[in-house]
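Going left to right, the sequence shown walks through residues -25 to -1, 1 to 192 as mature numbering (1 follows the signal peptide of the UniProt record, and there is no 0) numbers them.
Honestly, I wouldn't trust all of these hints.
Label-pair ranges, simulated between beta-carbon atoms [to be verified]: (1) THR49 to GLN147: 39 to 49 Å; (2) TYR65 to PRO149: 20 to 30 Å; (3) LYS180 to GLY(-1): 18 to 28 Å.
When the alpha-carbon atoms are kept at most 35 Å apart in a straight line, the in silico DSBU-like pairs for lysine-lysine are as follows [what the hints assert, rightly or not]: (4) LYS51 to LYS180; (5) LYS180 to LYS93; (6) LYS93 to LYS129; (7) LYS51 to LYS129; (8) LYS51 to LYS93.
I should point out that these hints are in silico values taken from the structure, not numbers from a laboratory. Here a beta-carbon is modelled for each residue, glycine too, at the ideal position from N, C-alpha and C.
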Amino acid sequence: MKNTTSFALFLLCAFFTSYLPSATGAFVLDSDGNPLENGGTYYVPAPNNCGGIEYTTSGNETCPITVVQHHDPTCKGFPITISSPARIRYISEGLNVNIGFTFRPPPCAPSSLWTVLKDQSEHPDPYEGVILPVKLNNEDNSNNTVPGWFKIQKLPLDFITTYYIVFCPLDQSPCWSVGSNFDQYGNRRLVVAQFARRQDIEFQKLSYASRSTHSSA
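With the hints as constraints, model all of the structure from the sequences given.
The following block contains the structure:
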């Protein structure tokens, strides 16, 4: 009986350990050096003189569902929520996460979560290979999404709070970095590309004052 109980406790411990941060990596840190909270709200600017992230229309879109980086480096973009289905307090490097805008998605987009669309081009870009745009989901693209998870990865040690995002499809394909490129309309859109240069980012905690301002907007 004692051996049976010990074995059951071992299995239970192993099950829960698989969801702990140690199974992925160190905590992701915001610009103040604090761990990213699961479900927390942050601005996500780039440290290389680029602005924050927001959504807009692109091409023939009538609904602003294209995820882009603002051209003005002083603009923080829209607040973004980082969340994991795991019941943990903090986000770790390499953890499966959902990423989405925090406040008021467009009425034509039922979800503010980021999604990745399948490649529709017949000829991949010769320099970046296959390019998959990051969008908000709506009725027009709901059948064209790539199932998968986003993950946050750390830059080399000399960049203390600078990270980049990767997208990992569920079909076991290799994870690709989330980068940015200009479309023909001048939008610096976020893309998942085969050979794209990764987009470096930081996480700035949204203050309560900013939260109130956005909520009342």
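How the hints compare with the structure:
| no. | hint | verdict |
| --- | --- | --- |
| 1 | THR49 to GLN147: 39 to 49 Å | 41 Å, holds |
| 2 | TYR65 to PRO149: 20 to 30 Å | 27 Å, holds |
| 3 | LYS180 to GLY(-1): 18 to 28 Å | 20 Å, holds |
| 4 | LYS51 to LYS180 | 11 Å, holds |
| 5 | LYS180 to LYS93 | 32 Å, holds |
| 6 | LYS93 to LYS129 | 26 Å, holds |
| 7 | LYS51 to LYS129 | 21 Å, holds |
| 8 | LYS51 to LYS93 | 28 Å, holds |
Checked against the numbered hints above, the structure breaks none of them.
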